[in-house]
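Asks: Each chain, written out:
There are 2 protein chains.
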Amino acid sequence: MAGTVFFSVSVSLDGYLAPDSPDELMGRQWMQLQQWVFRQKHFRENLKLGTGGEEGRDNEIVRDTFERTGASVMGRRMFDAGEEMWPADPPFHTPVFVVTHSPREPWVRDGGTTFFFVTDGVESAVAQARAAAGPRDVRVAGGADVIVQALNAGLVDEFHLAVSPVFFGTGVRLFDRIDAAGVGVEQIGVEPSPHTTHLRYAVRRG
Amino acid sequence: MAGTVFFSVSVSLDGYLAPDSPDELMGRQWMQLQQWVFRQKHFRENLKLGTGGEEGRDNEIVRDTFERTGASVMGRRMFDAGEEMWPADPPFHTPVFVVTHSPREPWVRDGGTTFFFVTDGVESAVAQARAAAGPRDVRVAGGADVIVQALNAGLVDEFHLAVSPVFFGTGVRLFDRIDAAGVGVEQIGVEPSPHTTHLRYAVRRG
Numbered sequence: 309m310a311g312t313v314f315f316s317v318s319v320s321l322d323g324y325l326a327p328d329s330p331d332e333l334m335g336r337q338w339m340q341l342q343q344w345v346f347r348q349k350h351f352r353e354n355l356k357l358g359t360g361g362e363e364g365r366d367n368e369i370v371r372d373t374f375e376r377t378g379a380s381v382m383g384r385r386m387f388d389a390g391e392e393m394w395p396a397d398p399p400f401h402t403p404v405f406v407v408t409h410s411p412r413e414p415w416v417r418d419g420g421t422t423f424f425f426v427t428d429g430v431e432s433a434v435a436q437a438r439a440a441a442g443p444r445d446v447r448v449a450g451g452a453d454v455i456v457q458a459l460n461a462g463l464v465d466e467f468h469l470a471v472s473p474v475f476f477g478t479g480v481r482l483f484d485r486i487d488a489a490g491v492g493v494e495q496i497g498v499e500p501s502p503h504t505t506h507l508r509y510a511v512r513r514g
Numbered sequence: 309m310a311g312t313v314f315f316s317v318s319v320s321l322d323g324y325l326a327p328d329s330p331d332e333l334m335g336r337q338w339m340q341l342q343q344w345v346f347r348q349k350h351f352r353e354n355l356k357l358g359t360g361g362e363e364g365r366d367n368e369i370v371r372d373t374f375e376r377t378g379a380s381v382m383g384r385r386m387f388d389a390g391e392e393m394w395p396a397d398p399p400f401h402t403p404v405f406v407v408t409h410s411p412r413e414p415w416v417r418d419g420g421t422t423f424f425f426v427t428d429g430v431e432s433a434v435a436q437a438r439a440a441a442g443p444r445d446v447r448v449a450g451g452a453d454v455i456v457q458a459l460n461a462g463l464v465d466e467f468h469l470a471v472s473p474v475f476f477g478t479g480v481r482l483f484d485r486i487d488a489a490g491v492g493v494e495q496i497g498v499e500p501s502p503h504t505t506h507l508r509y510a511v512r513r514g
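For the record, the sequence lines run as chains A and B.
Residue numbering for the first sequence follows the working numbering, beginning at 309 and increasing consecutively.
Residue numbering for the second sequence follows the working numbering, beginning at 309 and increasing consecutively.
Just so you know, the hints here were simulated from the structure itself, not pulled from any lab data.
Computed from a predicted model, the values in this text were never measured in an experiment.
Glycine residues also receive a C-beta, built at the ideal position from the N, C-alpha and C atoms.
Misleading hints may appear alongside valid ones.
Computed spacing ranges between beta-carbons, pair by pair [what the hints assert, rightly or not]: (1) Arg336/A / Thr427/B: 20 to 30 angstroms; (2) Leu355/B / Asp484/A: 28 to 38 angstroms; (3) Asp487/A / Ser432/B: 42 to 52 angstroms.
Next up, chain A with everything else stripped away, as it sits in the complex (with noise of 0.2 angstroms):
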């Protein structure tokens, strides 16, 4: 279906996205939560990180969900983590669309990518994306506050949980904020790989 809204994330195995501090992005346990994305070919390609890596169904995974996203939503935070760590070329070569309560320019970088910065909330940056994405889908990047919006909002169709064999104990719960009630979901793949689990679900309209 085009025009899809959807988030992809891999979560621990007790349910946190991140650690709570960025110090801990390159942390032992954040590396294998993210491992079976790190060691793909697309994904090293993507970021210019050297030839290399595994060509298998998760890097086919890792692909597609690029392949399929016209244009992003992010949560100020993300971006602001991001902001210090792409490179001049970021990995969305699309437009992003911020949420954010500080009003910006357009920020035009290499390769297509194009952060813009969103002060009406969720829904008018998902409304933006889907503008920008034609007939492509639009990807709720992150972080878990975003992404639950929009599951509460309704605006997420689909979604793609890459479920690592990895304790947190600690950190960013993807689904902290969910209204339990009002989202409903079905199984519709569930696929092991050899580092992640991927399960998917579409979001039942209440």
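Since chain A is already given, all that's left is putting chain B on it; use the hints.
Replies: Positioned in the frame of chain A, the structure of chain B alone reads:
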């Protein structure tokens, strides 16, 4: 492997094992979490709920989990809730070791279930259960406290999570007190079913 110590529980997509209050144990979300069990022929027969029930792969999983179990370990809150609810012939049909601070004489029930009350901790309860189980396995039945105590103490060999497509939003989280740095896991199986997704893990000794 004979004498394996395992647990097997249903968890919501946001990581909850049970609602906060026993009053909610018959609520809509709890039923959605457990429907893959409640609908099965073996479950119905074992609790003498009458004939009928599904006979597919989920029924095999429910039956195999029952048949491999030679003894169970249980927390006091789970026992207290069950003491009110179980029939005179409880669904265990084996020895059950209840971890508690209150000494009590063994409680012999119909159909082969005897509850033994263990006041010197989960390690002792697991050791007594292993001795009682003979060639069969030991199931850490729950709740979350006893499961995580056993995991953190290195007493669990493997576990099965049935991740059901429902959000709780609140309740008792399975892995809240996990020793994230001390407990390593390895994926050993993934299997979708109509009402849940079965994930199996082996625990790596540190």
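Asks: Should the hint that Leu355/B and Asp484/A are 28 to 38 angstroms apart at their CB atoms be regarded as holding?
Replies: 35 angstroms, holds
Asks: Okay, Arg336/A versus Thr427/B on CB: inside 20 to 30 angstroms?
Replies: 38 angstroms, violated
Asks: May I ask you to test the hint 42 to 52 angstroms on the CB atoms belonging to Asp487/A and Ser432/B?
Replies: 43 angstroms, holds
When each numbered hint is compared with the structure, a violation occurs for hint 1 only.
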